[in-house]
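The whole structure should be built from the sequences, with the hints applied where relevant.
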Amino acid sequence: MPITIHPNEILETIRMVQAENLDIRTITMGISLRNCAAESGKRVADKVYERIVSKAERLVAVGEEIQQQFGVPIINKRISVTPVSLVGGINTHKDFLLVARAMDKAAAEVGVNFIGGFSALVHKGATPEEEVLMRSIPEALAETERVCSSVNIASTKAGINMDAVAFMGKVIKDAAYMTRDRDSIGCAKLVVFCNVPEDNPFMAGAFHGVGEPDVVINVGVSGPGVVLRAVEKLPNVDFGTLAETVKKTAFKITRMGELVGRTASEKLNVPFGIVDLSLAPTPAPGDSVAQILEAFGLERCGTHGTTAALAMLNDAVKKGGSMASSYVGGLSGAFIPVSEDAGMIRSVEDGALSIDKLEAMTCVCSVGLDMIAVPGDTPVETLSAIIADEAAIGMINGKTTAVRVIPAWGKTTGDHVNFGGLLGSAPVMKLNQYGSTAFVKRGGRIPAPIQALTN
Amino acid sequence: MGKDNRIIVTVVGTDRTGIIAGVTTVLAEANANILDISQTVLQEFLTMILVVDLDNCNLDFEELKQKLTEVGDRIGVQITAQHESVFKYMHRI
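If you're matching them up, the sequences are chains A and B in order. Using UniProt numbering, the first residue of the first sequence is number 1, and each one after it goes up by one. Using UniProt numbering, the first residue of the second sequence is number 1, and each one after it goes up by one.
Take these hints with a grain of salt, some might be off.
Reference listing, derived: stretches of chain A covered by chain B, where coverage requires no fewer than 3 residues with Cβ under 8 Å from a Cβ of chain B [to be verified]:
no.: 1; segment: 279-287
no.: 2; segment: 397-407
In the DSSO-like style, the derived pairs of lysine-lysine whose C-alpha atoms are separated by at most 30 Å in a straight line are [said to hold, decoys possible]:
no.: 3; chain 1: A; residue 1: 157; chain 2: A; residue 2: 357
no.: 4; chain 1: B; residue 1: 67; chain 2: A; residue 2: 248
no.: 5; chain 1: A; residue 1: 157; chain 2: A; residue 2: 441
no.: 6; chain 1: A; residue 1: 233; chain 2: A; residue 2: 124
no.: 7; chain 1: B; residue 1: 88; chain 2: A; residue 2: 319
no.: 8; chain 1: B; residue 1: 88; chain 2: A; residue 2: 318
no.: 9; chain 1: A; residue 1: 248; chain 2: A; residue 2: 318
no.: 10; chain 1: A; residue 1: 267; chain 2: A; residue 2: 357
no.: 11; chain 1: A; residue 1: 247; chain 2: A; residue 2: 318
no.: 12; chain 1: A; residue 1: 267; chain 2: A; residue 2: 318
no.: 13; chain 1: A; residue 1: 105; chain 2: A; residue 2: 42
no.: 14; chain 1: A; residue 1: 233; chain 2: B; residue 2: 88
no.: 15; chain 1: A; residue 1: 170; chain 2: A; residue 2: 441
no.: 16; chain 1: A; residue 1: 357; chain 2: A; residue 2: 318
no.: 17; chain 1: A; residue 1: 248; chain 2: A; residue 2: 319
no.: 18; chain 1: A; residue 1: 247; chain 2: A; residue 2: 233
no.: 19; chain 1: A; residue 1: 357; chain 2: A; residue 2: 319
no.: 20; chain 1: B; residue 1: 88; chain 2: A; residue 2: 267
no.: 21; chain 1: B; residue 1: 67; chain 2: B; residue 2: 88
no.: 22; chain 1: A; residue 1: 247; chain 2: B; residue 2: 88
no.: 23; chain 1: A; residue 1: 124; chain 2: A; residue 2: 94
no.: 24; chain 1: B; residue 1: 88; chain 2: A; residue 2: 170
no.: 25; chain 1: B; residue 1: 67; chain 2: A; residue 2: 233
no.: 26; chain 1: A; residue 1: 267; chain 2: A; residue 2: 105
For the record, the hints were derived by calculation from the structure and aren't laboratory data. In this text, a Cβ means the ideal position worked out from N, Cα and C, and glycines have one as well.
Written as structure tokens, this is what we have:
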């Protein structure tokens, strides 16, 4: 049989993995919990535990097997489940905490570091169960180690549920308080969404949507280092050439994800869902989205031109990914979390990057305001107003947006929070000092925009 | 020959005598058949790529990788072994 691979391609692959931090960021198994409904909270929690453990018991072992076989690091193995508010039979604070603990215990049992799905979808209004779930979030996140939570409060079709927006400001603040001894880490496990995708493999916003099959394997790939290196080699080319290079690189990275996803799906005998190709940074040197933007020719990420650079990067990544796989995920593009990206942290410290610029960047990035530490004494209404702004961007532009802010208890502008590991560390950013209370207190729903009338 | 059973072994390091001998001995002892081999030396740096068929190999992939790493450490080069499918899948439509 002829050998058809060019030596340069072999060396390129090896270089991407060894020197440029190309990795499979996560294999996430989505598990439906809709057959776990029962007459008592205790019974539901037991069923949830059993179901997760029985479906995911081989997940970590298979992940490690594939890592060995292909020689590509697979950083995280994770689980997402049906939004817990939709599992029948739980309707009290105590019941929801029982389920959160069952999820945490099951995640520990199978060896995954995060489990997402302590979630509710309330963009058009909340059921009593969903209201109780939202109220249980701070305690659930403080009590458990691995459980992640998300709430969808807006969509292009439904508008923005401002009652939920107001409520989530308080939930974030409470989560910060309840984990105040750990730099308010509870908030790092909580995402507020507009237009949430149902098949997102990335925490903390992952859950198993109602349109998904019983069990599914989704893969998230990441390689800011690989793109950075490719861009750095082209300091003087025009944007067309630059975009082409990013596209080709994204193609190769996505192919790797597709191979891993399909192999995992085969080995676990579970259908394959999507590859989400996202340039998700880590605190490691060279694994930074901000540095890619700087390699485009910006002195610091956050200066004038940053939004344009990010728009081009995000689009080129999507284009490369869509050619490489027919099942590319809805979040594909560039993530811009502050605490997880060494370049972003430096830009904030140098005064190049403000919250206002970050908000502008979220119009063209993959998700939204992510892992941003703000002063601990930020009023609840200001947090809600930040959520409302971000939801409005998503609603009007038909894109997913999200907010993951950390009002770090007891800290003020210029201080640092430190979570360790992939969550990194962040300087506390300055917010606008003027209030939004009367605006947030109006409540009700901001109507769906004209873009909703597409049928 | 099952094409799923082919691996690519790459050897990168400073050139010296005995590198090929070291690597191929491990493969021969494991009864792994070398289908193709290419090497380039750029100044003093050596890069060698071997395509290896594991159909009759008497070690599993894990053990073989372990042995290659050991010999690599001994002679001072970095040895990587990966399934061929990675390279094919990544660069070809």
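Hint check:
Coverage of a stretch by a chain is defined here by at least three residues with a beta carbon nearer than 8 Å to that chain's beta carbons; for the segment 279-287 of chain A and chain B the count is 0, and the condition is violated. Under the rule that three or more residues need a Cβ within less than 8 Å of chain B, the assignment of the segment 397-407 of chain A is violated, with 0 such residues. Between residue 157(A) and residue 357(A), the direct Cα distance comes to roughly 27 Å. Compliance with the 30 Å bound is thereby established for this hinted pair. Between residue 67(B) and residue 248(A), the direct Cα distance comes to roughly 35 Å. Violation of the 30 Å bound is thereby established for this hinted pair.
Restraint check for residue 157(A) and residue 441(A): the C-alpha separation of about 23 Å stays at or below 30 Å, so the hint holds. As the CA atoms of residue 233(A) and residue 124(A) are separated by approximately 48 Å, the hinted pair breaks the 30 Å bound. For the proposed pair residue 88(B) and residue 319(A), the alpha carbon gap of about 21 Å is at most 30 Å, so the pair holds. This hinted pair checks out: residue 88(B) and residue 318(A) have alpha carbons roughly 22 Å apart, not beyond 30 Å.
For the hint linking residue 248(A) to residue 318(A), the alpha-carbon distance of about 11 Å falls within 30 Å, and the restraint holds. For the given pair, residue 267(A) sits about 44 Å from residue 357(A) by alpha-carbon distance, which is inconsistent with the 30 Å threshold. For the hint pairing residue 247(A) with residue 318(A), the CA-to-CA distance comes to about 8 Å; that is within 30 Å, so the pair holds. Only pairs whose Cα atoms come within 30 Å are accepted, and residue 267(A) paired with residue 318(A) is accepted, the gap being roughly 28 Å.
For a cut-off of 30 Å, the pair hint linking residue 105(A) to residue 42(A) stands: about 14 Å separates their Cα positions. With a CA separation close to 24 Å, the supplied pair residue 233(A) and residue 88(B) stays within the 30 Å bound. With a C-alpha separation of about 12 Å, the suggested pair residue 170(A) and residue 441(A) falls inside the 30 Å cut-off, and the hint holds. Taking the CA atoms of residue 357(A) and residue 318(A), the gap is near 23 Å; set against the 30 Å cutoff, the hint holds.
Pair hint residue 248(A) plus residue 319(A) holds up; C-alpha atoms about 9 Å apart against a cutoff of 30 Å. The straight-line distance between the Cα atoms of residue 247(A) and residue 233(A) is roughly 15 Å, inside the 30 Å bound, and the hint therefore holds. About 25 Å separates the Cα atoms of residue 357(A) and residue 319(A), which keeps this hinted pair within 30 Å; it holds. At roughly 20 Å between alpha-carbon atoms, residue 88(B) and residue 267(A) fall within 30 Å of each other, so this suggested pair holds.
This hinted pair checks out: residue 67(B) and residue 88(B) have alpha carbons roughly 25 Å apart, not beyond 30 Å. For the given pair, residue 247(A) sits about 18 Å from residue 88(B) by alpha-carbon distance, which is consistent with the 30 Å threshold. Distance restraint check for residue 124(A) and residue 94(A): the Cα-Cα separation of roughly 26 Å lies within the 30 Å cut-off, and the hinted pair is therefore satisfied. With a CA separation close to 51 Å, the supplied pair residue 88(B) and residue 170(A) exceeds the 30 Å bound.
With a CA separation close to 36 Å, the supplied pair residue 67(B) and residue 233(A) exceeds the 30 Å bound. A distance of roughly 25 Å separates the Cα atoms of residue 267(A) and residue 105(A); the hinted pair therefore holds under the 30 Å criterion.
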